[in-house]
Amino acid sequence: MNIHIKNGRLIDPVNNIDAMLDVFIANKLIAATGLMPVGFVADQVIEAQGLIVCPGLIDLAARLREPGYEYMATLESEMLAAVAGGVTSLACPPDTDPPLDEPGLVEMLKHRARNLNLAHLYPVAALTSGLMGQELTEMSELVDAGCVAFSQADAPLIDTRVLFRAMQYAATFDFSVWLRPQDSFLSRDGVAHDGEVATRCGLPAIPVSAETIALATMLTLARDTGVKLHVCRLSSAAGVEMIRVAKQQGLAVSCDVTANHVHLSEMYIGYFDPNCRLTPPLRSLRDRAALRAGLLDGTIDAICSNHAPVDEDAKQLPFAEAESGATGLELLLPLLLKWAGQEKVTLIDALGRITQRPAKILGLDAGHLSVGAVADICVFDPETYWRVEPGALKSQGKNTPFTGMEVQGKVRYTLVDGKVVYRYLDSGFKK
Amino acid sequence: MNNPQLNKDGELQHLLTTEGLPLRIMRDILDRAAGFLDLDEGREIKKVPLLHGKSVFNIFFENSTRTRTTFEIAAKRLSADVVNLNIGSSSTSKGETLLDTVDNLCAMHADMFIVRHSQSGAAHLIARHVAPEIHVINAGDGRHAHPTQALLDMFTIRHYKKEFHNLRVALVGDVMHSRVARSQIHALTTLGVPEVRVIGPKTLLPTMVENLGVQVYHDMAKGLKDVDVVLMLRLQNERMQGAALPSGQEYFKNYGLTEEKLAYAKPDAIVMHPGPMNRGIEIDSRVADGVQSVILSQVTFGIAVRMAVMSTLAGSKA
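Those protein sequence lines, which keep their order, are chains A and B. Just so you know, we're using the working numbering here: the first sequence kicks off at 8 and counts up by one. Just so you know, we're using the working numbering here: the second sequence kicks off at 140 and counts up by one.
Since the hints were made in silico from the structure, they are not lab data. Mixed in with the good hints there might be a few duds.
[As the list claims (entries may be wrong)] Residues from chain B that face chain A, not an exhaustive set, calculated with beta carbons under 10 angstroms: (1) ASN142; (2) LEU237; (3) LEU238; (4) HIS256; (5) SER257; (6) GLN258; (7) SER259; (8) HIS263; (9) LEU264; (10) HIS268; (11) ARG282; (12) VAL348.
Even for Gly, the Cβ is constructed at its ideal location relative to N, Cα and C.
Turn these sequences into a full structure, and let the hints guide you.
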């Protein structure tokens, strides 16, 4: 199958290309960009006039809810959501039921994802058995089964000796450890940032020190063990500063922030909006400003969706009892574009945060459109506006703090392995 | 963001919190409550037909005797049909969700819900969910709000002190976990009290509490100096388990209201408590039963204030 994407604006952060260039795809791979290769005959032509052609998006955190939570979402519904959002590769955290702590589970998940022929799935395996924080998982076996990193997801790892050993062991084989910093004692029962809104609403709070204490622990142990550490879902100004200092000191650490935290703060909780019940909690406006500054200066490497589809019933509860999480795969690109527009960041720079840099964190040869690369491509219309509504989302999870808001940027085509896996026909509306 | 307790004409649709409750509505409720009290006799007027033919459902997901009873008496004096449900011991223990319970009660043609729940925001959730002709009164949600308690406290303060603009008011104790405190603070600042203080150890004062418009004190002698009104807060025994306090005795030593500490306040200062009191923990019996205590008046006024709230809601258009 040969595909010719014509008249589009090609943006490829890795190759530093932002130009009107056609893309030619043959045998799942990028055959050429710019001029048509000699003898190339297109089976399919994608007219990309007025559209942007970029590497498929790479999401560092998307919960697919399988196995175990199929009532919230299924692999199929969420993989469809992924490609509808232009996401061609995604990493899923291990907090399924059972958790991803055995090679068999990982193989099954990878196998099922492959059969769907949608996005590429990169499972992140449990760092400890059952995410219980006591015994190490069989890391080498899990990597052979297809895992790309090890994590505790949102489960606590209280025993610092276990954490130390887990990092040492992972470092032995150059495996990556992904951790979300949150002290489990200081965050116990907490559901909102310890600040003005939690005080006003009377919500049990999580102080910033829950993040910084855990971060200090993991940075110290990463220094001592030399492990490749990726810090997930940074939420506070103090946390950003600690990462900044660690990077200045030469520590090989990377980190991400969720698209929600780039745009929202505790204020959005308003009158107990359960869509703003998120993990980590939305923090103060000052924290949000620091996260955005951290993105601009490169302290924060990537933006992820932190996609966590939740069934409607689980959100129709008092704030603290409502299930944490929001759908996000289909909002990753619009929220990135919103940020880029607000901060006057060029598209090529912005798109790198959801292509080039997450690929590097995952250790993948992906996120670029070099000749010979696998043709994972997102074609989007940067000028189309659409309203975030349940009916506009493919994800089984319909809850997001952005419900009812208008966002900019609509994916028109998504290609995975050189094949069109998603196509949006309705052109939406333009301003 | 629309104020969820007002309808499009700015009338009171639900009473969920004193935060953002317009001053005119707050004053109307206090005036209306005064109308229900025969002040010469010191007791409420007889039955009035303002809620005749209406069904008021007391739904309490958390135990309460006093608040539920005063709501029940108030509703009956307004000639409403009253149904009491202690949900804590029925549906939810069988797995029914909060909103399913509410839907079922709506199907029984409820006109008004009086809701108590252990979770902050529960009354807002119900108010968002019910049909527009149904009114919701928050009778206490988690740590968030207890607006009728705060309004009856304001009524009591006005009764004894006449004005708000010249008062110094101190709240003493566990502000962190207190829905009463939050509602009192919003009501006091809305009514124009120029100086509202909170007094307590740092473990019982929430982060950035000063942003609610209060001055923070950790010392009773300084905090009570020259105040006109002392609002005591109840201390739950759980606080000792959560490492917020070492012991009840030590709390009493530092923050328990004794005659000696009350002497720092103005000589005519009044002492209030939302009940139920822990004598010897947050308040000494000699103060609780002393001449400056108006605690039992609070209870009496509570019925009139709740009548005023219910009749105000019944008068607003859906």
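Verification of the supplied hints:
no.: 1; hint: ASN142; in the structure: holds (9 angstroms)
no.: 2; hint: LEU237; in the structure: holds (7 angstroms)
no.: 3; hint: LEU238; in the structure: holds (5 angstroms)
no.: 4; hint: HIS256; in the structure: holds (7 angstroms)
no.: 5; hint: SER257; in the structure: holds (9 angstroms)
no.: 6; hint: GLN258; in the structure: holds (3 angstroms)
no.: 7; hint: SER259; in the structure: holds (4 angstroms)
no.: 8; hint: HIS263; in the structure: holds (5 angstroms)
no.: 9; hint: LEU264; in the structure: holds (6 angstroms)
no.: 10; hint: HIS268; in the structure: holds (8 angstroms)
no.: 11; hint: ARG282; in the structure: holds (3 angstroms)
no.: 12; hint: VAL348; in the structure: holds (6 angstroms)
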